[in-house]
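Participant: Chains as they are written, first to last, in my numbering: chain U, 1 to 218; chain E, 1 to 218; chain H, 1 to 334; chain C, 1 to 334.
Among the hints, a few may not be true.
What the hints assert, rightly or not - Derived lysine to aspartate or glutamate pairs resembling DMTMM-like cross-links, with alpha carbons at most 25 Å apart: (1) Lys117(U) to Asp107(U); (2) Lys65(E) to Glu126(H); (3) Lys32(U) to Glu32(C); (4) Lys2(H) to Glu32(C); (5) Lys50(U) to Glu32(C); (6) Lys2(C) to Asp244(H); (7) Lys9(U) to Glu28(U); (8) Lys32(E) to Glu227(H); (9) Lys21(C) to Glu232(H).
Said to hold, decoys possible - Cβ-Cβ distance ranges computed for the label pairs, FRET-style: (10) Asp173(E) to Glu227(H): 17 to 25 Å; (11) Glu125(C) to Gly190(U): 39 to 47 Å; (12) Asn17(U) to Glu148(C): 37 to 45 Å; (13) Glu13(H) to Glu239(C): 18 to 26 Å; (14) Leu154(U) to Glu125(C): 37 to 45 Å; (15) Gly190(E) to Glu13(H): 32 to 40 Å; (16) Lys236(C) to Glu20(U): 42 to 50 Å; (17) Lys149(H) to Asn7(C): 37 to 45 Å.
Calculated from the structure, these hints are not laboratory results. All figures in this text were calculated on a predicted structure; none of them were measured in a lab. We put the beta carbon where it would ideally sit given N, CA and C, even for glycine.
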Amino acid sequence: MEFTVSELKEYFNSVVNMIEEQKDYLCELDRKLGDGDHGVTMSIGWQAIKESLNNELLNEEDCGKVSIKVGKTFLSAVGSSVGPLYATGFMRGAKVIKNKTVLNGEDLAQFWLAFGKGVKERGQADVGDKTMIDTLEPFVNVLEEKFNDYQEFLSAFSEAVDAGEEGMKSTKDLTSKKGRSSRLGERSIGVQDPGATSAYLILNEFFNFVKSRSVQAN
Amino acid sequence: MEFTVSELKEYFNSVVNMIEEQKDYLCELDRKLGDGDHGVTMSIGWQAIKESLNNELLNEEDCGKVSIKVGKTFLSAVGSSVGPLYATGFMRGAKVIKNKTVLNGEDLAQFWLAFGKGVKERGQADVGDKTMIDTLEPFVNVLEEKFNDYQEFLSAFSEAVDAGEEGMKSTKDLTSKKGRSSRLGERSIGVQDPGATSAYLILNEFFNFVKSRSVQAN
Amino acid sequence: MKKLINNPKDVVEEMVGGYVKAHPSYVKQLPENERSIVTARKTREGKVGVLIGGGSGHEPGFMGYVGEGMADGVAIGNIFASPSPDPILEVTKAIDKGAGVAYLYGNYAGDVMNFGMAAEMADLEEDIRVKAALATDDVASALKEEKEKRRGIAGEFFVFKAAGAVADFGYNLNDVIRVAQKANENTRSMGVGLSPCSLPQTGEPSFDIGDDEMEIGLGHHGEPGIEKGVIETADKVAERLVHDILADIELNKGDKVAVLVNGLGSTPRMELYIIFRRVEQILNENGIVIYRSYVGDYITSLEMGGCSVTLMKLDEELERTIDHSVDCPMFVQK
Amino acid sequence: MKKLINNPKDVVEEMVGGYVKAHPSYVKQLPENERSIVTARKTREGKVGVLIGGGSGHEPGFMGYVGEGMADGVAIGNIFASPSPDPILEVTKAIDKGAGVAYLYGNYAGDVMNFGMAAEMADLEEDIRVKAALATDDVASALKEEKEKRRGIAGEFFVFKAAGAVADFGYNLNDVIRVAQKANENTRSMGVGLSPCSLPQTGEPSFDIGDDEMEIGLGHHGEPGIEKGVIETADKVAERLVHDILADIELNKGDKVAVLVNGLGSTPRMELYIIFRRVEQILNENGIVIYRSYVGDYITSLEMGGCSVTLMKLDEELERTIDHSVDCPMFVQK
Ligand SMILES: Nc1ncnc2c1ncn2[C@@H]1O[C@H](COP(=O)(O)OP(=O)(O)O)[C@@H](O)[C@H]1O
Ligand SMILES: Nc1ncnc2c1ncn2[C@@H]1O[C@H](COP(=O)(O)OP(=O)(O)O)[C@@H](O)[C@H]1O
Ligand SMILES: [Mg+2]
Ligand SMILES: [Mg+2]
Ligand SMILES: [Mg+2]
Ligand SMILES: [Mg+2]
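One chain only, chain U, in its complex shape:
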């Protein structure tokens, strides 16, 4: 498989639109658990990325530089908890795709593994803390294992996203530990974590994007 830098940018643009659509839903989840701004924060961040894609990044050919810029732009625009987390994710991902204009399945797998591990390292949260790590850690584990097994990106990524979805759903039954909602204790049970939700949506958006491309390609 081949994934070009323009496709990478197109994907980021599709996240922009997806986040706009999910903004209210993400705020609603955060309203129940935290300070209610998660959708707003994600929207501010991705709108800034859109700006960047339409300007500085318009002629950028290096996938690594695109990913670095996406991470930095997001961080500058939002700060917040998710700023450093996503920025670290995209910057770690950038390392493995730098100087490349076209990515193959191996590159993509390594990109997302580095991304997920970067977030984990920055946030120091564990599975069960009711954060986006509940989505990302199972996702990373399955992606690593299945890509090793299959040596094929899309099938491995598909199963990894499913594992992420499971992880996301599991946050419903968890008590908050990290982030602004940790005070909530017992009462946080029953509501899905907003950060885990948006993380899943971003991964799933990538799956759909790549799948539709490969269908077209066939």
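Got chain U; can you put chains E, H and C with the ligands on it based on the hints?
Facilitator: Here is chains E, H and C with the ligands on its own, set in the frame of chain U:
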């Protein structure tokens, strides 16, 4: 007719109860025209008077001293616009009944005339300004004229209270000029002035009180 | 509206009680009347006493402005109701240092009567010279032709500050009053209301307003304003308020002003600064120079939502009053 | 909820813009980053720089506390969101006078990460020594056994004041941090929420609460508290808040404390003083001495309704920090 100092106190006590019943209605009128506190203010003032009637005034035999104390107590408790107005009214009224334990029709007529004129002098409002003067001035005029004609208190007072009621009702169609609602201009039309309303209610309470006594006396 | 109170009838007493306990180095209650509060610090013999007052519910107005550089004492009324003459008279007696007492209050029927009665009593019974200056800054409360009928709102802060400063400078009673009146004549305010407050005793909203409405010219007790309309952007609101002020007072290029953007109670400082931003732009476009700005809750109406803009045109004497330092429990200026 | 704003996405920029125009003699924006504000006054070479920051929507926290005796600079985030490392780093560079910079902020995941990243960058890229002290005063936010997980709320004010004062006294970076940490360790807060605020971008209430309910332990971004119950009298609320604080920190007869009764945004000062009244009574009954009291809106959450009580236990060093004068746009102490 004879009106004793205990009846005077009983009357004041009946005003206390009447004001408690009318409190919300008076606030509602003031809410539309002013700052919404007229019922509260009247209640605070009359509750203080009740206190006083049950304590310092319990053994007071001098109608004048009762009326002075009622005025001063009201003023101290409420300040506000109505404090000085009613205090002046009751203190001027006190002058004509001082040193008396029993009042006759002439005394009562002079008391209420002095009361009404005192309020007018303190407030410097004119008929048509949408204040309690719209109740009190026609009341005073008719009381003066009719008591002169009939030399009988209750009939004269009855007609005077009717004139006060007319005056009160006329405030509905007036633009505010005095007091905190004067800024309202045109928009004040349609709402009856709270101060004119409570002034009428206090007069009417006296009429009912005296009438029920004279019926009993017959 | 929910309130953190005990018995509604005790709110003023309990507030005042808490206040004097919170700031014992600043203020004390007079034993003669619990609605009488005076500065706890020594004031110079021969200094003109500055007395302020009015209804409560406007905190920091009025009790918050007792201290060095502002008022020597305050008489506190019930919520939105003038104090009665008793506490005014007690404060007058306590703060008179032989040079007389200046009464500063807003032009409301109740205040005029009660402060008027107290002044008479001070003169007749206590032989204390009293003179009064009334704030009439609210442009919306009467037409220009009937300026003397206008009410005092947030501009009272500038009147207190001006008089408080010159009393500190050693001005005599006539001059303190002259400066207070000059401050008032040079001051204009315009307000906008977004949401009502409620009296603790009734719990009823002080006025009715639609979810998408604002009220221009709203009084600071929730008296209806001059115009109800659909809520506008902050910039449009600021333009309207400043426009009405500039139509009422002559301000030319190079004139200096003090600016106050005052919150009515529940409007966050964020919004006040957004309003201020546009006010500054307009003044700047007109070549009017901002000498000093005040942004915050200076005279409120319980939890009312909205704000007012006040401009005071300055001459050299008023500039000095703006510069003067102040040390009160609810307002300090170095 | 109605707001006096323009485009919701511009609120922070416009607020900051208005703020620097309102107080040009106090603060200025850095050309490098509009979310970076520093004192406009000259600071001494060799003085430890004090940097504060956090999300906006808490005004006067945090930008209002830049000035003499408090912070030298502030980094401003979006509403309820930590600033990113960029503005933090720019402020760090601007306020470093060769003695390093103390970072003071509340213990929130986002702030920890962003200030942490900025501190690393300051060290690696700019060779500026940075040390941090985090506020963890909110008793309700975690059990005593997990104190290090607690969030910072109104008690941040005391931490800023303590560190700001000793930086002024000439303490070195280690000692400024030591005092800030001591201030934090001696400080406890408990809050109660009555009504929500709303983010300008969503307009949604930050939490749901019944007409007769209050929420004990509510976070100052509207995070749900530890207990929802029927609204109580002010006295009962004060008792509950002080009780939870006294259960968490040892305070003995004769100990001195600074008290802060902080309004969350829309709660009138009247109610804050009614709460204070009972707080003072309880402390008094326990023989605890109030050294100084602060009552008002010190760290808010937009137009949220409710308040918090904060006690800081004092030793001689902390007393001196309380006494120290301050001159900031939103807080002045003489
Ligand atoms: N340490 C952490 N590691 C991973 N994810 C975290 C961490 N802290 C918070 N999060 C995630 O961030 C989300 C909240 O993001 P957001 O609401 O945008 O920021 P804030 O908490 O600053 O308001 C949470 O739902 C959680 O998934
Ligand atoms: N100068 C005046 N003369 C006579 N009545 C007046 C005058 N000013 C105000 N009032 C009366 O006072 C009433 C308002 O009383 P109240 O609401 O208790 O006081 P406040 O205006 O101080 O809130 C008005 O409705 C009006 O009838
Ligand atoms: Mg959040
Ligand atoms: Mg009224
Ligand atoms: Mg009133
Ligand atoms: Mg947030």
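Participant: Please list, smallest to largest, the hint numbers that this structure does not respect.
Facilitator: Numbers 3, 4 and 7, in rising order.
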